[in-house]
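2 protein chains.
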Amino acid sequence: MSMKEMSLRSFLVELASDSPAPGGGSVAAFDGAMGASLVSMVARLTVGKEKYKEHQAIMEELMKDCDKMRDEFLDLMDKDSNAFNDFMKAMRLPKNTEEEKKERTFAMQEALKKAALVPMETLRRCLDLAKKAEIAVERGNVNAVTDAGTALLLASSSAKAASYNVLINLKSIKDEGFANQLKSEVESLLKAIDDTVLRGLKSLEENL
Amino acid sequence: MSMKEMSLRSFLVELASDSPAPGGGSVAAFDGAMGASLVSMVARLTVGKEKYKEHQAIMEELMKDCDKMRDEFLDLMDKDSNAFNDFMKAMRLPKNTEEEKKERTFAMQEALKKAALVPMETLRRCLDLAKKAEIAVERGNVNAVTDAGTALLLASSSAKAASYNVLINLKSIKDEGFANQLKSEVESLLKAIDDTVLRGLKSLEENL
Numbered sequence: 001m002s003m004k005e006m007s008l009r010s011f012l013v014e015l016a017s018d019s020p021a022p023g024g025g026s027v028a029a030f031d032g033a034m035g036a037s038l039v040s041m042v043a044r045l046t047v048g049k050e051k052y053k054e055h056q057a058i059m060e061e062l063m064k065d066c067d068k069m070r071d072e073f074l075d076l077m078d079k080d081s082n083a084f085n086d087f088m089k090a091m092r093l094p095k096n097t098e099e100e101k102k103e104r105t106f107a108m109q110e111a112l113k114k115a116a117l118v119p120m121e122t123l124r125r126c127l128d129l130a131k132k133a134e135i136a137v138e139r140g141n142v143n144a145v146t147d148a149g150t151a152l153l154l155a156s157s158s159a160k161a162a163s164y165n166v167l168i169n170l171k172s173i174k175d176e177g178f179a180n181q182l183k184s185e186v187e188s189l190l191k192a193i194d195d196t197v198l199r200g201l202k203s204l205e206e207n208l
Numbered sequence: 001m002s003m004k005e006m007s008l009r010s011f012l013v014e015l016a017s018d019s020p021a022p023g024g025g026s027v028a029a030f031d032g033a034m035g036a037s038l039v040s041m042v043a044r045l046t047v048g049k050e051k052y053k054e055h056q057a058i059m060e061e062l063m064k065d066c067d068k069m070r071d072e073f074l075d076l077m078d079k080d081s082n083a084f085n086d087f088m089k090a091m092r093l094p095k096n097t098e099e100e101k102k103e104r105t106f107a108m109q110e111a112l113k114k115a116a117l118v119p120m121e122t123l124r125r126c127l128d129l130a131k132k133a134e135i136a137v138e139r140g141n142v143n144a145v146t147d148a149g150t151a152l153l154l155a156s157s158s159a160k161a162a163s164y165n166v167l168i169n170l171k172s173i174k175d176e177g178f179a180n181q182l183k184s185e186v187e188s189l190l191k192a193i194d195d196t197v198l199r200g201l202k203s204l205e206e207n208l
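Taken in order, these protein sequences are the chains called B and X. To convert, note that position 161 of the first sequence is 161 in UniProt numbering; the numbers rise steadily by one, no gaps. To convert, note that position 196 of the second sequence is 196 in UniProt numbering; the numbers rise steadily by one, no gaps.
For the record, the hints were derived by calculation from the structure and aren't laboratory data. Hints should not be assumed to be uniformly reliable.
If several chains are the same, the list does not tell them apart, and a pair holds so long as it fits within one copy or across any two.
Said to hold, decoys possible - 20 Å max Cα-Cα, derived PhoX-like pairs, lysine-lysine:
(1) 183 to 202
(2) 89 to 113
(3) 49 to 183
(4) 202 to 171
(5) 79 to 113
(6) 131 to 113
(7) 174 to 64
(8) 51 to 131
(9) 79 to 174
A quick note: this is a predicted structure, and the numbers were derived from the prediction, not measured.
Let's have the full structure, built from the sequences with the hints guiding it.
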């Protein structure tokens, strides 16, 4: 069953169970999905209001983009769990002969790459989320400004959690070119997200 | 229906809708619930392992405490939405006579206090979550260290989001004694949570 069909409570019970997946990677993706939903909500509470007439077009765009983003984050929840389970499968491959050992190592390395690329995808989307949440803070319905601010916080925690999941997998990846490329992308994304989030929160906190 | 029985997807659709509740306050509580679940998971992946024998007792305690904490955070999700809806109800009270106006103002002030006290409760629990997540980072199964780190990140984003929801309500509360007391509790809790989270993340990031 896709996680998105689970109840909030069942999901948490599954999360807390002694199976390592779902874990932090899926949680990161769900944080992103909640953030995108909050931006959609703020946009919905802004469109059609005379006071925010000048932001009408951008709010309609936010609504549409963030509804789509929410579904993409939700898909990443499942993808993250599946990537982890594929790695566990590769680890359980037979290793009796030299041939088998080689095949197992190859399968494990491929699975590790996938397990790094899924949270990388989450992280990339967090930058988009942070930018959109900043717009919601700046131009959205002022009555919902703390909701837009919460979306900024989620972009930040989701990004950080996703980065941990990329980096922990990179530690076991032998392909240095692959690892270095991802590592430098992680760094520049975290920096860009941090800048956006801090700017947005500053503007919010001045009004609290 | 309690939110905890909703599917992840339905919850997000409801969150993104143009009704202001559920909003950031419920999201803050759910972040706390995910954090508590991750600490439970790390503890479960630690108990019974020879390598972590010396931490057995504390991990069993973490497991029990965090399962309970998860349910408390889940209840706070509903409480937050209900508090907001109660405030909307108070706002819709009649205000035709002086008597009615007085009653409406009183009801609104009481509802605002409740709407500030619920996220305050979330915030208080976040300090407990941060402390437990730090233990999970330091002494839990090293294979799940990024999950424990994610719990720290969630304690931080949940706390910050909850604080916004306290502060925004305090702005309309006339009872200065009440407002000042909560404001100073918010400040000291955020400081204590920040210290704990930064310490835990530092220890985690050194190993990434």
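The hints, checked one at a time:
Within a single copy, residue 183 and residue 202 get their C-alpha atoms only as close as 28 Å, which misses the 20 Å cut-off; across copies the closest is 18 Å, which meets it. Only within a single protomer do residue 89 and residue 113 lie at most 20 Å apart by alpha-carbon distance; the minimum there is 14 Å, versus 53 Å between protomers. Proximity of residue 49 to residue 183 under the C-alpha cut-off of 20 Å is found in neither arrangement, the shortest distances being 44 Å within a copy and 32 Å between copies. When the C-alpha separation of residue 202 and residue 171 is checked against a cutoff of 20 Å, the pair qualifies only between copies, where the shortest distance is 18 Å, while the shortest distance within a copy is 35 Å.
Taking the shortest alpha-carbon separations for residue 79 and residue 113, only the intra-copy value of 13 Å comes in at or below 20 Å, while the best inter-copy value is 42 Å. When the C-alpha separation of residue 131 and residue 113 is checked against a cutoff of 20 Å, the pair qualifies neither within a copy, at 28 Å, nor between copies, at 33 Å. Taking the closest pair of Cα atoms, residue 174 and residue 64 never come within 20 Å of each other, the shortest separation being 41 Å inside a single copy and 39 Å across copies. In this assembly of identical chains, the alpha carbons of residue 51 and residue 131 never lie at most 20 Å apart, being 23 Å within a copy and 44 Å across copies at closest.
Taking the closest pair of Cα atoms, residue 79 and residue 174 never come within 20 Å of each other, the shortest separation being 23 Å inside a single copy and 49 Å across copies.
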